[in-house]
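Order-wise, the sequence lines are chains A and B. Read the first sequence against our numbering and you will find it ends at 126, with the numbers running on by one and no gaps. Read the second sequence against our numbering and you will find it ends at 303, with the numbers running on by one and no gaps.
Read the hints as simulated data drawn from the structure, not as lab findings. Just so you know, these numbers come straight off a predicted model, no measurement behind them. One thing to keep in mind: the hints can contain errors.
In silico lysine to any residue, SDA-like type, Cα no more than 20 Å apart, as pairs [to be verified]: (1) K2/A - K205/B; (2) K66/A - K115/A; (3) K2/A - M191/B; (4) K2/A - T129/B; (5) K205/B - K66/A; (6) K42/A - R106/A; (7) K118/A - G67/A; (8) K66/A - I192/B; (9) K233/B - L244/B; (10) K115/A - G34/A; (11) K2/A - L244/B; (12) K2/A - L201/B.
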Amino acid sequence: MKRGWIAVIMIALSLAFGGMDYYYVTSNADIYAGMLTEAQEKMEQSEITEAESVAQRLDYRFRSQKGLMNIFMHHSESGGISCDLAMLEMYARTGGTEEFLATAARAKREIMTMKNSKILRWENIF
Amino acid sequence: MLTIIIRTILIYIIVTAAIRIMGKRQVSDMQTSELVITFIISQTATLPLEDADRPLLNSLIPIMMIVAIELIVSLIMMKSRRFRSIICGHPIVVIKDGKIIESQLKKLRISYEDLYSLLREKDLSDEKSVQYGIIEPNGTLSILSSKDMTTDEISSEDLKDELNDIKQDENQEGETE
Chain A
1 MKRGWIAVIM
11 IALSLAFGGM
21 DYYYVTSNAD
31 IYAGMLTEAQ
41 EKMEQSEITE
51 AESVAQRLDY
61 RFRSQKGLMN
71 IFMHHSESGG
81 ISCDLAMLEM
91 YARTGGTEEF
101 LATAARAKRE
111 IMTMKNSKIL
121 RWENIF
Chain B
127 MLTIIIRTIL
137 IYIIVTAAIR
147 IMGKRQVSDM
157 QTSELVITFI
167 ISQTATLPLE
177 DADRPLLNSL
187 IPIMMIVAIE
197 LIVSLIMMKS
207 RRFRSIICGH
217 PIVVIKDGKI
227 IESQLKKLRI
237 SYEDLYSLLR
247 EKDLSDEKSV
257 QYGIIEPNGT
267 LSILSSKDMT
277 TDEISSEDLK
287 DELNDIKQDE
297 NQEGETE
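Use the sequences and the hints to build the structure in full.
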């Protein structure tokens, strides 16, 4: 029966780590997607200063969370998103509207793909 | 590089703990499922060593789940003979009273030469002195050579069932003749 308890502990730990991974990544993905949408809207309305401010907040937030993101995600994934967010701020500062919108769309797609890969779906299982 | 070194140490500790928890077996004595699980754990454990980009949790969680499943399956196998038979199979008698049972060999897809090879490993030249020759679920050949041993004297329920099945088959063949 001791081994039964060990099995239960292993399952509990797996669920705990897996649950943390799922919750952390998906909840933050929604926040980032929301902020990117806000940045895109600001840029489309030519509110460049506000768009730059949102981009700065995005970049700062992601850099502060990068440690945990690297634990739960492939480093190349988090690195790619980090690069896109860094570029967003530069494009806003230099007035590259099209580049800003394209980079924001790409970052959003990457983040949502990352989130969808964590969700329990048949295509993810198979 | 230091990352890889630390990961290697962590993976070593985790895999050693996992194998230790699952219990000691030599590779030659492992059931099929245990062998498969050992391979899966070893493959899963090497992934974060080959690719530093990959999170360690992506290997740790599968290893823990596999160990947990293996422990649960082994507990159920201890309680349920039927379940054990489904997972591991059951012993199959291939020699009875000095005669090879060909139908059993065909079931196992073992040739006569393979069987003689297994007999030679037991220092026997042929099947004539063997009362019962049993292929165990792990593929090894066991020899019972006590003369005039009856089915009632056998403690193993799996083996008793197998011998009773053979007896029934022989009776049926006798009736048809």
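Right, here's what the structure says about each hint:
1. K2/A - K205/B: holds, 15 Å
2. K66/A - K115/A: holds, 16 Å
3. K2/A - M191/B: holds, 17 Å
4. K2/A - T129/B: At roughly 35 Å apart (the allowed maximum being 20 Å), T129/B and K2/A break the hint.
5. K205/B - K66/A: violated, 48 Å
6. K42/A - R106/A: Holds: K42/A and R106/A sit about 17 Å apart, inside 20 Å.
7. K118/A - G67/A: holds, 18 Å
8. K66/A - I192/B: violated, 30 Å
9. K233/B - L244/B: Within the cut-off at roughly 17 Å; holds.
10. K115/A - G34/A: holds, 13 Å
11. K2/A - L244/B: Measuring from Cα to Cα gives roughly 38 Å; hence the hint is violated.
12. K2/A - L201/B: holds, 10 Å
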